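Knowing the structure of chain A, use the given hints to seat chain B on it.
Chains as they are written, first to last, in full-length UniProt numbering: chain A, 1 to 446; chain B, 1 to 446.
Simulated from the structure, these hints should not be mistaken for lab results. Keep in mind the model is a prediction, meaning the values are calculated, not measured.
Repeated chains share a single entry, so a pair holds when one copy, or any two copies, can fit it.
In silico DSS-like cross-links for lysine-lysine, where the CA-CA straight-line distance does not exceed 27 Å:
| id | residue 1 | residue 2 |
| --- | --- | --- |
| 1 | K390 | K361 |
| 2 | K52 | K31 |
| 3 | K217 | K241 |
| 4 | K31 | K333 |
| 5 | K206 | K217 |
| 6 | K301 | K31 |
| 7 | K217 | K301 |
| 8 | K217 | K249 |
| 9 | K31 | K65 |
| 10 | K241 | K206 |
Number of protein chains: 2
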Amino acid sequence: MTTRSTIMDTNSFRAEHADALRPEIRQLTDKRDRILGESYRLFYRNPVHLVKGKGQYLWDAEGRKYLDVYNNVASIGHCHPAVVEAVSQQMQQLNTHTRYLHENILNYTESILATTPAEIDRAIYMCTGSEANDLAIRVAKSFSGGTGIIVTQEAYHGTSELTSGASPALGSGQALAPTTRVVPAPDFYRLTPSDPGQWFAHEIQKQIDDMKQNDIKFAGFLADSIFSSDGVLPNPPGFLKAAIEVVHKNGGIFIADEVQPGFARTGDTFWGFARHGVVPDIITTGKPMGNGIPVSALFAKSDVLASFSDHIPYFNTFGGNPVSMAAAQAVLKVIQEENLQGHSRVMGALLLTELRRLQQKYRCVGDVRGAGLFIGFELVTDPESKQPNKALALDLIERLRDQGILTSVAGPYGNVLKLRPPLAFQAADIDWLVGGLDRALQQLCP
Amino acid sequence: MTTRSTIMDTNSFRAEHADALRPEIRQLTDKRDRILGESYRLFYRNPVHLVKGKGQYLWDAEGRKYLDVYNNVASIGHCHPAVVEAVSQQMQQLNTHTRYLHENILNYTESILATTPAEIDRAIYMCTGSEANDLAIRVAKSFSGGTGIIVTQEAYHGTSELTSGASPALGSGQALAPTTRVVPAPDFYRLTPSDPGQWFAHEIQKQIDDMKQNDIKFAGFLADSIFSSDGVLPNPPGFLKAAIEVVHKNGGIFIADEVQPGFARTGDTFWGFARHGVVPDIITTGKPMGNGIPVSALFAKSDVLASFSDHIPYFNTFGGNPVSMAAAQAVLKVIQEENLQGHSRVMGALLLTELRRLQQKYRCVGDVRGAGLFIGFELVTDPESKQPNKALALDLIERLRDQGILTSVAGPYGNVLKLRPPLAFQAADIDWLVGGLDRALQQLCP
Chain A
1 MTTRSTIMDT NSFRAEHADA LRPEIRQLTD KRDRILGESY RLFYRNPVHL VKGKGQYLWD
61 AEGRKYLDVY NNVASIGHCH PAVVEAVSQQ MQQLNTHTRY LHENILNYTE SILATTPAEI
121 DRAIYMCTGS EANDLAIRVA KSFSGGTGII VTQEAYHGTS ELTSGASPAL GSGQALAPTT
181 RVVPAPDFYR LTPSDPGQWF AHEIQKQIDD MKQNDIKFAG FLADSIFSSD GVLPNPPGFL
241 KAAIEVVHKN GGIFIADEVQ PGFARTGDTF WGFARHGVVP DIITTGKPMG NGIPVSALFA
301 KSDVLASFSD HIPYFNTFGG NPVSMAAAQA VLKVIQEENL QGHSRVMGAL LLTELRRLQQ
361 KYRCVGDVRG AGLFIGFELV TDPESKQPNK ALALDLIERL RDQGILTSVA GPYGNVLKLR
421 PPLAFQAADI DWLVGGLDRA LQQLCP
Chain B
1 MTTRSTIMDT NSFRAEHADA LRPEIRQLTD KRDRILGESY RLFYRNPVHL VKGKGQYLWD
61 AEGRKYLDVY NNVASIGHCH PAVVEAVSQQ MQQLNTHTRY LHENILNYTE SILATTPAEI
121 DRAIYMCTGS EANDLAIRVA KSFSGGTGII VTQEAYHGTS ELTSGASPAL GSGQALAPTT
181 RVVPAPDFYR LTPSDPGQWF AHEIQKQIDD MKQNDIKFAG FLADSIFSSD GVLPNPPGFL
241 KAAIEVVHKN GGIFIADEVQ PGFARTGDTF WGFARHGVVP DIITTGKPMG NGIPVSALFA
301 KSDVLASFSD HIPYFNTFGG NPVSMAAAQA VLKVIQEENL QGHSRVMGAL LLTELRRLQQ
361 KYRCVGDVRG AGLFIGFELV TDPESKQPNK ALALDLIERL RDQGILTSVA GPYGNVLKLR
421 PPLAFQAADI DWLVGGLDRA LQQLCP
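So that you can see chain A by itself, here it is in the shape it has in the complex (with noise of 0.2 Å):
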């Protein structure tokens, strides 16, 4: 989820300039504005209109060629010939619901459990990551009894009316469900506790102290390890582990979100909760899962789902058909078959280096942290202040996309680049993307 406020500014922007477009790109978007529903934004005062992808690079109409420094949909990169190839296979064999049997489903899910910790032994298959939030939450009020969430501050987990209801990220206009507890983001960079893990854990218990207070019993902790709506948080590695802890001491489960750092993205570890040293109760993925294809998935402990799957029926027409299994296990057939969680581990690390060098150039980068090809660089007024720039921001995106770089914003202040492209992402396209942040930076923060 790109923050809010940034699409609402640039789609007003748009609006107020919209003279300025070339001819063409007008046409479409006039043409959006006309038959589209109005929640549909658009990133850029001057929209992209992408014809063509490969690997980490898109095209546009005029043949202008883009690196992808955004996207972990195509997460093993654009147009990735094993998954055309496997879904054009399946597509002309069979794709039929999984109330009749079928091995992908078997297959996959054997693959992809073997991934997760011992306790996740069991698979259901849908087809976005909200959806699987959605089934998540119904799953934890469930094992509990309760129905109090918590999340952090700006987090995203779903556009369904029960994950939307916990999800702060949205904004003003969408209330969060009654029963919804935010904590403060982990934001380490502005927080300076003396033990990161101790007050994390103690703002998670404070919440359900104030659930208890409100006659809400709580349900449990969803998260995505990267806290990637908050401004990309990963660190320290392993401050989660006490919170977990106290979810677990009070009826609770956590739900390890893992739609934004799963798959090998963070590097170190397939699943980003792994970086904490945590097993979760339930994971749900999402975007990455397929590279494109809709395929998402809810992996639990057996006697946490049971609780559930024992009276309530759930059936997804699409969850787990055979095509839909066959995108998601050439993905990580791919993943593992070419290494791509060292990959990322290694492109991250070497990117990080060169974008800590530009924070030593320029004063308005006030922090640059990541896990793996999951990087946050965040722009401020000034190092001492560490007083938050959106509008630096908003330009800085505006000038890489100038240059053919797309990226976009987080955080509840809209001033963190979100740097998580495809993880085809090689050590020539660092040259780029640094390059041209270095361009821009020249200009806007001299």
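Okay, now just chain B, sitting in the frame of chain A:
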């Protein structure tokens, strides 16, 4: 949604008779039981292990051919080459989200909005019918300022928390939302009001009045116009009209859930609601839209949608991506160019005639009704009492399975065969289906 009790029965039977299964099948069912969530249920005491599909036919691992009389997902036929080609081509070009410009979403929206009433002029895309209905209910709440939703007695509208709470078909394990009210199904085989339309309108009004008494403001009426889960209740055409007038008079909206009747299925019209001469405020779709690719949509009147979009962000990562839109466009093109709507009308009428011959022949066939290739075939103990005969229906679908005919049951009593083949269904297939039914009924209902 196949009636839950039927599925449960089948699964417990299978568990008890697991030793009778062929070893290859047993291996697959055992693995499912071990690693998938317990919610997963199989059709048939002797489950079918499918490996191939083409048009209206499916093949199992033994090479046995089946006639598919159940799946509306493979709406224009299993593995339709036009959809395979469109998806393969687009996957090789580009697949990304809607925050960049792309023609596919705009071209498809223009094509599909040309099939809806002129008042319906906006589109939003997601991946499943559940997601479409979840959003539709949220829009109904925004527009009306209320929370009360009316559905029919055995309605099924989705798997999310919000839509499950409006899906009595899920059974007693899944509580309805406190703001959901239920009207009787328009079962005019059993109920014989002098004016069906007025009767149904009155039932709606009664529930709105009940809401008022309980301080619940009415938001809308959500129904699929073929009342699939209620047992396939298409007639008389036009009976919904008075009810929709009541809905509007009371400030609510009508959400036409077209996951079941939409996309030319009912023969007379492209959309199911059109058989009733009504204009919905929102149309939701799903299953048949992409012939198996997970794509769904919400089409709405501008002013209704704006009440939501003005203040609540909605972004569905996979929704409306170029590949989904290519699949949907291919499906629509085939329906239109091959006149599958006319085909469905003609084939449906032929099939209905033949099924009525069976009704004449067997006293346990209580009623046969349908619209296009969506037919309910109702089993009773005798035509006088009209007492539902669920046991017979269950035996019948098992006997049909043994003759290579795949279908399932619907309705509150689980006694209605839901006959809903891919639109590729041909006259020759009628012989297979009706012959199979005849043979089975000779034994089961002599």
